[in-house]
Structure formats: C-alpha cells, structure tokens
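**Student:** Sequence:
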Amino acid sequence: MAPKVLISKFVFQRLKGMKTPFRGCLYGVEKENSRVILGFTVSTPPEDEVSPFEKATCELEKITNNLPAGVEFCGYIAAEEDVPDVQKLVPDMEDTFLLACSFSGEHKAGFVAKRSFSKVTIDVLEDMHELYLVKVHYKERIALKASQESVREYFLKIREKLSCGKIVFHQRDSDLFIGSSTDEENDETVDDVFSRVSGGKSKKENEQRSLHLDTLVNVAEERDEGKVSFKIKFSPARRMTVPLHLEGVALVPSGSTQLYDLCVEALERNLQLVEEAHRDIIEKDDDVLAVKTYCVQLNDFGHTFLCAWPIGIESGDAKLKEKRRMYHKILGLPLTRPHFRRMNAGIDGDPKILQNTHIGLKGQLAGGQQYLVQGTYGYYHYMQQNYDDSGWGCAYRSLQTIFSWFRHQGYTEKPIPSHYDIQEALVSIGDKPRAFLGSKQWIGSTEVSLCLEKFLNISSRIMFVQSGAELAHKGAELAMHFESQGTPIMIGGGVLAHTIIGIDYNRLTGELKFLILDPHYTGAEDLSTIQHKGFCSWKTINFWDKKSYYNLCMPIRPIEF
Numbered sequence: 001m002a003p004k005v006l007i008s009k010f011v012f013q014r015l016k017g018m019k020t021p022f023r024g025c026l027y028g029v030e031k032e033n034s035r036v037i038l039g040f041t042v043s044t045p046p047e048d049e050v051s052p053f054e055k056a057t058c059e060l061e062k063i064t065n066n067l068p069a070g071v072e073f074c075g076y077i078a079a080e081e082d083v084p085d086v087q088k089l090v091p092d093m094e095d096t097f098l099l100a101c102s103f104s105g106e107h108k109a110g111f112v113a114k115r116s117f118s119k120v121t122i123d124v125l126e127d128m129h130e131l132y133l134v135k136v137h138y139k140e141r142i143a144l145k146a147s148q149e150s151v152r153e154y155f156l157k158i159r160e161k162l163s164c165g166k167i168v169f170h171q172r173d174s175d176l177f178i179g180s181s182t183d184e185e186n187d188e189t190v191d192d193v194f195s196r197v198s199g200g201k202s203k204k205e206n207e208q209r210s211l212h213l214d215t216l217v218n219v220a221e222e223r224d225e226g227k228v229s230f231k232i233k234f235s236p237a238r239r240m241t242v243p244l245h246l247e248g249v250a251l252v253p254s255g256s257t258q259l260y261d262l263c264v265e266a267l268e269r270n271l272q273l274v275e276e277a278h279r280d281i282i283e284k285d286d287d288v289l290a291v292k293t294y295c296v297q298l299n300d301f302g303h304t305f306l307c308a309w310p311i312g313i314e315s316g317d318a319k320l321k322e323k324r325r326m327y328h329k330i331l332g333l334p335l336t337r338p339h340f341r342r343m344n345a346g347i348d349g350d351p352k353i354l355q356n357t358h359i360g361l362k363g364q365l366a367g368g369q370q371y372l373v374q375g376t377y378g379y380y381h382y383m384q385q386n387y388d389d390s391g392w393g394c395a396y397r398s399l400q401t402i403f404s405w406f407r408h409q410g411y412t413e414k415p416i417p418s419h420y421d422i423q424e425a426l427v428s429i430g431d432k433p434r435a436f437l438g439s440k441q442w443i444g445s446t447e448v449s450l451c452l453e454k455f456l457n458i459s460s461r462i463m464f465v466q467s468g469a470e471l472a473h474k475g476a477e478l479a480m481h482f483e484s485q486g487t488p489i490m491i492g493g494g495v496l497a498h499t500i501i502g503i504d505y506n507r508l509t510g511e512l513k514f515l516i517l518d519p520h521y522t523g524a525e526d527l528s529t530i531q532h533k534g535f536c537s538w539k540t541i542n543f544w545d546k547k548s549y550y551n552l553c554m555p556i557r558p559i560e561f
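Numbering-wise, the sequence shown is residues 1 to 561 according to UniProt numbering.
It should be emphasised that the hints constitute simulated quantities derived from the structure, not laboratory data. Please note: incorrect hints may appear among the correct ones.
What the hints assert, rightly or not - Label pairs and their in silico Cβ distance ranges:
1) ASP192 with PRO334: 40 to 48 Å
2) THR509 with THR121: 38 to 46 Å
3) ARG159 with GLN364: 51 to 59 Å
4) SER390 with GLU314: 53 to 61 Å
5) GLU140 with ARG172: 13 to 21 Å
6) THR540 with ARG141: 54 to 62 Å
7) ASP526 with THR257: 47 to 55 Å
8) GLY523 with THR257: 42 to 50 Å
9) GLY523 with LYS4: 46 to 54 Å
Stated by the list, open to error - Pairs of lysine-lysine, BS3-like flavour, derived with a Cα cap of 27 Å:
10) LYS474 with LYS539
11) LYS161 with LYS292
12) LYS292 with LYS139
13) LYS55 with LYS16
14) LYS157 with LYS145
15) LYS321 with LYS55
16) LYS135 with LYS323
17) LYS88 with LYS329
Quick reminder that beta carbons are idealized off the backbone N, C-alpha and C, glycines included.
Using the sequences and the hints, build the whole thing.
**Tutor:** Right, here's the structure in full:
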C-alpha cells in the first residue's frame, strides 16, 4: 500500500513565484505510513547527456547538510506553465514519487514503479504541529593547524565522539536527559519526552513544538588500574585554538522514537558544514579562523536552513558569495536580495526591541488589498536605551527603525546608529554645522535619506505632497513601493515624523488606509499597549494634517545577495 502524501502549503506558495520551467528534487520527512514533503530544489537543464533528475539529485546532496536532520530526498518535481505529461517523465527515473505541476498549483501526483505511474491523492499540510523543531547545541574548543590534514584528523575524532553513544542530551531548565539506548523495547516517543518537559501541559492548537537540548560528553574512559601512560609529541607547526559551537537542527515526527539518533545526525550535519568552512579558509588564506553556525528561517519555506560562516570575513568575500550563489541557485531564489547572510539568521543587537509590532492588526477596508513591509523590522521610539529624546527625536527613531530593517534583511551588520552617530554623519558630509553635534535639533526626510546613503550606501526616493489630503491620491505609488521594495517609509511633515509600514488600498474606489508606526510612544515595550493605544495602527487619510506639506523618504532596496 502506497504511503499517504502530505505536501506543505509552502511548496505551492513557492510555485506561484516561479516563472521558468524546471525539474528538481522533493525533500521532506518520512513518518509512519506517510510522507511529508516540505520543499523542492530547482535544477536548470543539464548541458550534457545527464538526466535532469540525476542532476537535481546531485544538487540536493550539496545542501543536505544545510537541511534539518530527518529531512531527506522524497521524490521528484517537474513544473511548467501547464501540468507536464507524466508519461514523458517516467522513463527518466527509477521507482520514486513524482509531482508534476503547473505554476498555478494544478498537479498530478503519484508513485513511479517499473516505469509506470500510479496516481495518488495528496493532502495539503497547513502547519508544522506534527513535526517537532529540535535544536541541539554542542560546545568545545579545538586546536587546529593550518593544514587540510589537521582539519580532517580533528573533525574525524569529533565525529567518532558523537557517534560512539557516549554523549547525552539535556533539555534546558529541566531534569530531562536523553541518552543512547540499546534496549530494543524502548518505545518512548518525542511526544512522551515533550510531555515530561512541559509537565503535561496541553499545547496550543496547530503550534509547532520545540525542544532545546545541550550536549554533554562522557569524558571518563576505561583504563587499566594502576597504569599511567604519557604520549609526548613535538611539532614545529603552530596550532590555533578556536571555539567550536554547533547548533544542529532536526525535524522529528511526533510519534518518532528516534529522537536521540536524529539529534546525533543534526550535530553531524552541522559538523560537516563547519569542517568544510575551515577547509575553505585554509585553502584561501592558509589560516585558522573561528566558524559560527547561523540558522536561517527562509520566507515561504517553512523550515530552517543552516549556514556556517567564518567570523572576521566580510560577506562580500568572493568565496562566501560563491557559496551563497550556489544556495540561491539550488533553491530557485533570485540573486536580488540576501537570504543566507549572517544577519538573515535573525540576530539583532538589542533583544529588548519589539519586532514586527503590526502583526495581528486588521485593516478592514472594504474591497481593499494590503501592501505591507516585507520582512522584519524593530520598533524604535522615544525614550529607548534610557535616552530622553521626547519632543525632538521622532525622525531619528524612524531612521533607526528603517536601519533595523536593513539589518534584519541581511544587507548590513553595522549597529543601529545612535542620535549622536546620526548627527555626526550629517556634519561629516557638510549638511550640518559642528554646532549640530549633541543638540536637540530635529531632522527630516532629506536628512534620513542622506544618513541611509552615508551609513549603508542606500539610495532613496523622496515623494513630496503639498498637503496631507494629497496623500489620498498616492495609493498606487505606495502600493508599488511596498510590492517592489518592501522597505519602511519615513514621512515628515510640520514638526512630526512617522513610519509608514503598509497600506490598505481599494483600487476601484481609491480609498486608502495607512499602517503607521508612531515613534512618539514613551512607554514600556508592551505590544498590547502599543497596538491598543494606536502607536502601531491603521489610520485613515484624516490622520494627516491638511494644512501641512509632507516629504516621504522611500528607501530603495539594493540588488545584491
């Protein structure tokens, strides 16, 4: 009997954005009597006689270690403008699962056996609540010589340590320890483990559950009693001691009894990525640098993607760009925006800053369509960082919000500029006199655009309107901005500045609402208060002063990856 097939909704969402026919591999998780397909690779036609599906298989192997443990090859995909003819595809593949589909989502799915296609019905997976997200951490310090042989030997020892069954996983803030077991009757599932950790509390409906495990290593070794041995080895080669911090990720079906094995596999996949990064550094620079793991959550994928990048090497390095280019190509992502840089892992300098405070708000404009900021931003407002800028710092805070957007999207690793940094930048380019430093003088949209260019080399478009009422006629332009650029907009008029992070627009009637982030808030970082008191809320055209002119700073997203 053929297993039941579930395909993530993200697969069909991604297909809608594809424009060129392709072949590729499907990957996902095998559950008891079912197959959960989470994503696909994109392979261009091969230049030689190799089958396109054979090429796709080789490309999936290149990113297998970047995917969570438990995620494996699940079949093939063929996508075109219209659903491809499966009978023409079957001769190119061995026994497997095949999804033939159009970019609109129409499809034929089935299993190929002995060159014959048997159609099956698929179900769409709406959420990930049946798959646990397990993160496994491992730390030690390693001493490496700047040679390929040294890296190979050292990482082989670590691999042996992980696979010998002497490591134990510990759930943080609990007394739960998960060890290797030779008991064939051990049938404790990950559901059972989670129940022990959570104290039997029921989970939220359709919410993905997670475990965060630390790795403990049994360093005790059996020795012959009474015997002591020493091994001394002299070497002229210089060794560098660097930290090794693995952050393995696994997707574990709720009924699985293989939690320990999948945790080990997660670390082994991560270890392979780190080893490859060390090899690349030595090959290029004949040096040893620390390598850090970054766990990226890709939009429209529904799963994480692990990267290992050296610390101290800029993201513009040719070797790093080459690897990122490979990731983009295999996953069918355009080379127009970053997806795999360090900052794409959601790292931010200040954990106290709330992110994406608009989530949960409803525009409720009849017949309207929402056009929103794309990605993540931080909400910056008056009085943060114990700095009193009430009454004059609103545009500075709006600039900080926009700057945070560029950080979160991976365009920069620079820290958020302070008010003094902003003033210093404007003085350095000759826009302000030295007396401006340390003052409480306002800035406007033009100064915000100058700072973005100075700090980030980001260009901006300035939109000018004679009055707030004129904004009612700018719906199409604003919609185009959020569709094509997706960046927050700083708007200044009179003595006030705000940040526009979206619009709700009815193209037939021209009616328009604005999603406003208000930097004039002075309270604590409480999302409920911020939303209910209107500091992040939808506003009508009447929000804008009909007697004031406005300038809008509309940052342009750079084309880079």
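**Student:** Next step is simple, just say for each hint if it's right about the structure.
**Tutor:** Here is what the structure says about each hint:
1. ASP192 with PRO334: 40 to 48 Å: For PRO334 against ASP192, whose Cβ atoms are near 43 Å apart, the range 40 to 48 Å holds.
2. THR509 with THR121: 38 to 46 Å: Holds, at about 42 Å.
3. ARG159 with GLN364: 51 to 59 Å: holds, 56 Å
4. SER390 with GLU314: 53 to 61 Å: violated, 38 Å
5. GLU140 with ARG172: 13 to 21 Å: holds, 18 Å
6. THR540 with ARG141: 54 to 62 Å: Holds - the Cβ-Cβ distance for THR540 and ARG141, about 59 Å, lies within 54 to 62 Å.
7. ASP526 with THR257: 47 to 55 Å: violated, 42 Å
8. GLY523 with THR257: 42 to 50 Å: holds, 49 Å
9. GLY523 with LYS4: 46 to 54 Å: Check passed, 50 Å falls within 46 to 54 Å.
10. LYS474 with LYS539: holds, 15 Å
11. LYS161 with LYS292: With Cα atoms ~20 Å apart, LYS161 and LYS292 stay inside 27 Å; holds.
12. LYS292 with LYS139: Between LYS292 and LYS139 the Cα gap is close to 11 Å, so the pair holds against 27 Å.
13. LYS55 with LYS16: holds, 23 Å
14. LYS157 with LYS145: Holds, at roughly 15 Å.
15. LYS321 with LYS55: Within the cut-off at roughly 22 Å; holds.
16. LYS135 with LYS323: holds, 24 Å
17. LYS88 with LYS329: holds, 25 Å
The earlier numbered hints that this structure contradicts are 4, 7.
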